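Asks: Each chain, written out:
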Amino acid sequence: MNDDLRQNGSENEEQEKPKEGQSSSLIDKIQQLGQTNVPQLSQDSKIHCLTIVGQIEGHLQLPPQNKTTKYEHLIPQIVAIEQNPNIEGLLVILNTVGGDVEAGLAISEMLSSLSKPAVSIVLGGGHSIGVPIAVSCNYSFIAETATMTIHPIRLTGLVIGVPQTFEYLDKMQERVINFVTKNSNISEEVFKELMFAKGNLTRDIGTNVVGKDAVEFGLIDSVGGIGPAMKKLNELIEINKKNNEGIVQ
Amino acid sequence: MILYTMMPQELIYQTEPSEFNRQKLITYEGIPLLVQMDEGQTCTVIRVMSSNPVHFMSATCFPGAKITLA
Numbered sequence: 001m002n003d004d005l006r007q008n009g010s011e012n013e014e015q016e017k018p019k020e021g022q023s024s025s026l027i028d029k030i031q032q033l034g035q036t037n038v039p040q041l042s043q044d045s046k047i048h049c050l051t052i053v054g055q056i057e058g059h060l061q062l063p064p065q066n067k068t069t070k071y072e073h074l075i076p077q078i079v080a081i082e083q084n085p086n087i088e089g090l091l092v093i094l095n096t097v098g099g100d101v102e103a104g105l106a107i108s109e110m111l112s113s114l115s116k117p118a119v120s121i122v123l124g125g126g127h128s129i130g131v132p133i134a135v136s137c138n139y140s141f142i143a144e145t146a147t148m149t150i151h152p153i154r155l156t157g158l159v160i161g162v163p164q165t166f167e168y169l170d171k172m173q174e175r176v177i178n179f180v181t182k183n184s185n186i187s188e189e190v191f192k193e194l195m196f197a198k199g200n201l202t203r204d205i206g207t208n209v210v211g212k213d214a215v216e217f218g219l220i221d222s223v224g225g226i227g228p229a230m231k232k233l234n235e236l237i238e239i240n241k242k243n244n245e246g247i248v249q
Numbered sequence: 001m002i003l004y005t006m007m008p009q010e011l012i013y014q015t016e017p018s019e020f021n022r023q024k025l026i027t028y029e030g031i032p033l034l035v036q037m038d039e040g041q042t043c044t045v046i047r048v049m050s051s052n053p054v055h056f057m058s059a060t061c062f063p064g065a066k067i068t069l070a
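Protein sequence lines correspond, in order, to chains A and B.
Everything in the first sequence is counted per full-length UniProt numbering, starting at 1 for the first residue and increasing by one.
Everything in the second sequence is counted per full-length UniProt numbering, starting at 1 for the first residue and increasing by one.
There could be a bad hint or two in this list.
Said to hold, decoys possible - With a cut-off of at most 25 Å between alpha-carbon atoms, the simulated SDA-like pairs for lysine to any residue come out as follows:
no., chain 1, residue 1, chain 2, residue 2
1, A, 70, B, 7
2, A, 231, A, 51
3, B, 24, A, 59
4, A, 116, A, 139
5, B, 24, A, 60
6, B, 24, A, 173
7, A, 67, A, 208
8, A, 192, A, 173
9, A, 70, B, 15
10, A, 70, B, 2
11, A, 182, A, 97
12, A, 192, A, 67
13, B, 24, A, 77
14, A, 70, B, 1
15, A, 212, A, 170
Simulated from the structure, these hints should not be mistaken for laboratory data.
Nothing here was measured: the structure is a model prediction, and the numbers come from that model.
Please construct the entire structure, taking both the sequences and the accompanying hints into account.
Replies: Structure below.
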């Protein structure tokens with residue numbers, strides 16, 4: 001289908017290029033996206049949207065072909081969202097395989113300490129360190145088909161002292177567990193049980209929870225997509241506004 | 001070849017430093033964009049890095065668009 005579009009585009013180009021420069025920019029558009037216009041929104045949007053996709057990049061820069069979420073991009077954006085009075089709410093969309101624990105926790109902490117209402121949606125996957133990010137918002141949604149993998153953290157580094165490494169890993173794991181249990185309805189026992197479950201993942205321990213299961217375990221607040229998420233976010237914005245008015249009076 | 005190691009793949013097969021320079025973060029018409037530099041002054045938009053949904057509706061910068069840098 002893409003080939004068809006491209007062929008049509010190039011045919012048109014051959015026919016129309018000599019005519020005028022204006023139509024060639026139109027042809028550029030057809031070649032680029034296969035469409036000529038995109039719907040326009042009103043200029044100001046009071047809801048901003050953060051997409052956390054691909055791998056969460058830590059201190060090691062990944063090659064350009066990897067799709068990554070970089071904390072040095074996200075954290076200033078969260079600061080800007082916190083500061084801008086025109087922005088009333090934040091929608092966080094997750095489709096991530098996980099990645100660096102510290103970078104993931106940094107993003108989670110930034111989101112959970114945001115004074116404006118935030119709602120997260122897990123679409124596709126919110127694995128590994130995506131779990132704390134998903135629960136960090138005021139309210140979390142998961143698509144029915146989306147999954148989240150809960151597993152113990154691993155170290156792929158160059159540290160080799162065994163007792164120290166074990167202690168370090170254990171402490172790091174506690175940070176993740178504490179954050180998730182503090183920001184969601186899941187209990188520490190259940191979360192650890194899922195984390196160390198055997199037989200669910202090939203050659204690894206952990207659990208893969210799909211949409212409804214994540215809600216049943218208390219990890220995520222409810223099952224839903226963009227519609228319910230926007231509705232919830234607008235509700236939270238209204239509540240937030242009322243609370244702020246109360247303070248002023 | 002199978003490598004049995006806990007080291008990350010990126011550490012073993014390191015990317016050429018020049019690869020990292022191909023992609024750049026720029027601001028075009030107030031919209032932060034991740035672009036891939038083509039030959040000359042033009043570049044292809046890879047990703048819109050903004051959190052503002054309005055920026056995703058721009059008719060000039062969207063993933064796949066070719067833009068000219070002044």
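Asks: If a hint holds in the structure, say so; if it doesn't, say that too.
Replies: Going through the hints against the structure:
1. A:70 x B:7: Since the Cα atoms of residue 70 of chain A and residue 7 of chain B sit roughly 21 Å apart, the hinted pair holds (cutoff 25 Å).
2. A:231 x A:51: holds (19 Å)
3. B:24 x A:59: With Cα atoms ~18 Å apart, residue 24 of chain B and residue 59 of chain A stay inside 25 Å; holds.
4. A:116 x A:139: holds (12 Å)
5. B:24 x A:60: holds (17 Å)
6. B:24 x A:173: Measuring from Cα to Cα gives roughly 35 Å; hence the hint is violated.
7. A:67 x A:208: holds (22 Å)
8. A:192 x A:173: holds (10 Å)
9. A:70 x B:15: Within the cut-off at roughly 18 Å; holds.
10. A:70 x B:2: violated (30 Å)
11. A:182 x A:97: holds (22 Å)
12. A:192 x A:67: With Cα atoms ~30 Å apart, residue 192 of chain A and residue 67 of chain A exceed 25 Å; violated.
13. B:24 x A:77: holds (18 Å)
14. A:70 x B:1: Cα-Cα ~31 Å, so violated.
15. A:212 x A:170: Violated. Residue 212 of chain A to residue 170 of chain A sits at ~29 Å, over the 25 Å cutoff.
Consistency with the previously given hints fails for numbers 6, 10, 12, 14 and 15, ordered from lowest to highest.
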